[in-house]
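Participant: Here's the letter readout for the chains.
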Amino acid sequence: SQQGEEDPQALSIQEGENATMNCSYKTSINNLQWYRQNSGRGLVHLILIRSNEREKHSGRLRVTLDTSKKSSSLLITASRAADTASYFCATTAQNFNKFYFGSGTKLNVKP
Amino acid sequence: EAQVTQNPRYLITVTGKKLTVTCSQNMNHEYMSWYRQDPGLGLRQIYYSMNVEVTDKGDVPEGYKVSRKEKRNFPLILESPSPNQTSLYFCASSLLTGRTPYGYTFGSGTRLTVV
Chain A
1 SQQGEEDPQA LSIQEGENAT MNCSYKTSIN NLQWYRQNSG RGLVHLILIR SNEREKHSGR
61 LRVTLDTSKK SSSLLITASR AADTASYFCA TTAQNFNKFY FGSGTKLNVK P
Chain B
1 EAQVTQNPRY LITVTGKKLT VTCSQNMNHE YMSWYRQDPG LGLRQIYYSM NVEVTDKGDV
61 PEGYKVSRKE KRNFPLILES PSPNQTSLYF CASSLLTGRT PYGYTFGSGT RLTVV
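Protein chains in written order, with the numbering used here: chain A, 1 to 111; chain B, 1 to 115.
A hint or two may mislead.
[To be verified] Using 25 Å as the maximum straight-line C-alpha spacing, the simulated DSS-like pairs for lysine-lysine come out as follows:
id : chain 1 : residue 1 : chain 2 : residue 2
1  : B       : K69       : B       : K17
2  : A       : K26       : B       : K57
3  : B       : K57       : A       : K98
4  : A       : K56       : A       : K69
5  : A       : K106      : A       : K70
6  : B       : K71       : A       : K98
7  : A       : K98       : B       : K65
8  : A       : K110      : A       : K98
9  : B       : K57       : B       : K18
10 : B       : K69       : A       : K98
No lab work stands behind these hints, which were simulated from the structure alone.
In this text, all values refer to a predicted model and were calculated from it rather than measured experimentally.
Generate coordinates for the entire structure from the input sequences, incorporating the hints supplied.
Facilitator: Below, the structure written as structure tokens:
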């Protein structure tokens with residue numbers, strides 16, 4: 001299975017702190033994506049990083065990808081209470097027509 | 001506004017009564033997919049479609065049917081629902097790059113309870 005696994009499963013921090021979540025996967029990928037899900041709602045696409053990229057930024061988000069270790073990390077800087085959500089990584093393989101989602105990291109940002 | 005629209009948002013039904021959850025997207029996406037989300041099991045793909053009249057099984061297709069007669073619509077059909085199909089369902093669509101989906105736009109979800 002190519003399914004990603006996020007670590008930690010849950011993370012609780014104070015507003016203003018940085019939050020780091022990790023994702024590991026098993027097979028070679030075409031790209032890796034991060035999604036956010038507010039409780040019971042649909043997932044929202046945050047950022048995509050291709051297999052030939054090592055780092056990408058979008059606003060307060062920074063994603064890194066290490067294909068040799070088959071892992072990625074999502075850093076949210078200066079977190080806000082509104083960042084409280086579950087975060088999922090998803091991977092796709094070259095010429096493979098499925099996404100595989102990890103089990104998610106539940107982030108709680110305390111005001 | 002670019003979106004994926006699912007209906008209904010909430011549904012309570014009885015075992016064995018056929019139901020359909022509709023999904024429509026307005027982004028001209030080739031790829032559409034259905035997922036179910038259960039506590040501790042994450043998101044699992046039920047069916048997906050690469051284009052009109054092209055559908056294929058995901059990881060948990062048993063008990064479900066789909067059709068893709070038009071590009072924008074991808075309904076999920078439960079012919080004879082059972083309590084183990086109680087779940088939160090999501091429809092999603094994506095552009096394709098080659099044969100690989102690029103990035104999903106998700107619907108708001110349908111919370112189904114089968115009693």
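Participant: Hints numbered earlier in the text: which of these fail when held up against the supplied structure?
Facilitator: Going through the list in order, the structure violates hint 8 alone and respects the others.
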